[in-house]
Amino acid sequence: MKRLIASVSLVAVLGLYGSALAVPKDEYDDSQSNPLRIAAYLLNPVGVGLEYVLFRPFHALVSANDTTEKIFGHGPHGAEELRSLSTPSY
Numbered sequence: 048m049k050r051l052i053a054s055v056s057l058v059a060v061l062g063l064y065g066s067a068l069a070v071p072k073d074e075y076d077d078s079q080s081n082p083l084r085i086a087a088y089l090l091n092p093v094g095v096g097l098e099y100v101l102f103r104p105f106h107a108l109v110s111a112n113d114t115t116e117k118i119f120g121h122g123p124h125g126a127e128e129l130r131s132l133s134t135p136s137y
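Using my numbering, the final residue of the sequence shown is 137, and nothing's skipped along the way.
By construction, these hints were calculated from the structure, which means they are not laboratory data.
For every residue, glycine included, the Cβ atom is placed at its ideal position computed from N, Cα and C.
Incorrect hints may appear among the rest.
[Unchecked claim] Derived SDA-like pairs: lysine to any residue, alpha-carbon spacing no greater than 25 Å straight-line:
no., residue 1, residue 2
1, Lys49, Leu61
2, Lys117, Glu98
3, Lys49, Ala59
4, Lys117, Gly96
5, Lys117, Asn91
6, Lys117, His106
7, Lys117, Phe105
8, Lys117, Phe102
9, Lys117, Glu128
10, Lys117, Tyr99
11, Lys117, Ala107
12, Lys117, Val100
13, Lys117, Gly94
[Said to hold, decoys possible] Each pair of labels, with its calculated beta carbon distance range:
no., residue 1, residue 2, range
14, Ser56, Thr115, 25 to 33 Å
15, Leu90, Ala111, 24 to 32 Å
16, Val55, Ala111, 52 to 60 Å
17, Tyr75, Glu128, 51 to 59 Å
18, Ser110, Ile85, 35 to 43 Å
19, Tyr88, Glu128, 30 to 38 Å
Construct the complete structure from the given sequences, taking the supplied hints into account.
This is the structure we're talking about:
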């Protein structure tokens, strides 16, 4: 009886999984046929590569410690909001 329940459960799970794969993730419409959209599809990997190879290491260098932040004029994201929250306004 346990094998029957286990096999029926397995068939049900695999059946539901297969039906979920049949649903398309994105519908095609005419906005994807714009030549600028096609150029964006081709240029996006270049931008992501530049972010990981150039911009993220540079940001790590600039924000490494307080001295480099002062030299390069870097401030943490949301620094103004945090400063206004930490100082009491009377």
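The hints, checked one at a time:
1. For the hint pairing Lys49 with Leu61, the CA-to-CA distance comes to about 18 Å; that is within 25 Å, so the pair holds.
2. With a C-alpha separation of about 23 Å, the suggested pair Lys117 and Glu98 falls inside the 25 Å cut-off, and the hint holds.
3. Annotation: proposed proximity of Lys49 to Ala59 holds, straight-line Cα distance about 15 Å (limit 25 Å).
4. Of the pairs offered as hints, the one joining Lys117 and Gly96 is violated, with about 28 Å between alpha carbons and a cut-off of 25 Å exceeded.
5. A hinted pair counts as satisfied when its Cα atoms are at most 25 Å apart, and Lys117 with Asn91 does not qualify at roughly 33 Å.
6. Distance restraint check for Lys117 and His106: the Cα-Cα separation of roughly 13 Å lies within the 25 Å cut-off, and the hinted pair is therefore satisfied.
7. The straight-line distance between the Cα atoms of Lys117 and Phe105 is roughly 15 Å, inside the 25 Å bound, and the hint therefore holds.
8. A threshold of 25 Å between alpha carbons decides the hint, and for Lys117 with Phe102 the separation of about 19 Å falls inside it, so the pair holds.
9. Only pairs whose Cα atoms come within 25 Å are accepted, and Lys117 paired with Glu128 is accepted, the gap being roughly 19 Å.
10. The suggested pairing of Lys117 with Tyr99 holds, with an alpha-carbon distance near 24 Å, which does not exceed 25 Å.
11. A threshold of 25 Å between alpha carbons decides the hint, and for Lys117 with Ala107 the separation of about 14 Å falls inside it, so the pair holds.
12. A distance of roughly 24 Å separates the Cα atoms of Lys117 and Val100; the hinted pair therefore holds under the 25 Å criterion.
13. Taken as a hint, the Lys117 and Gly94 pair is broken in the structure, with Cα atoms around 28 Å apart against an allowance of 25 Å.
14. As the Cβ distance of Ser56 to Thr115 is approximately 57 Å, the hint placing it in 25 to 33 Å is violated.
15. Between Leu90 and Ala111 the Cβ separation comes to about 30 Å, which falls inside the hinted range of 24 to 32 Å.
16. In this structure, Val55 and Ala111 meet the distance hint of 52 to 60 Å, their C-beta atoms being roughly 58 Å apart.
17. A beta carbon spacing of about 41 Å between Tyr75 and Glu128 contradicts the range 51 to 59 Å that was offered as a hint.
18. The hint said 35 to 43 Å for the Cβ distance between Ser110 and Ile85, and at roughly 36 Å that hint holds.
19. Checked against the hint of 30 to 38 Å, the pair Tyr88 and Glu128 passes, with Cβ atoms roughly 36 Å apart.
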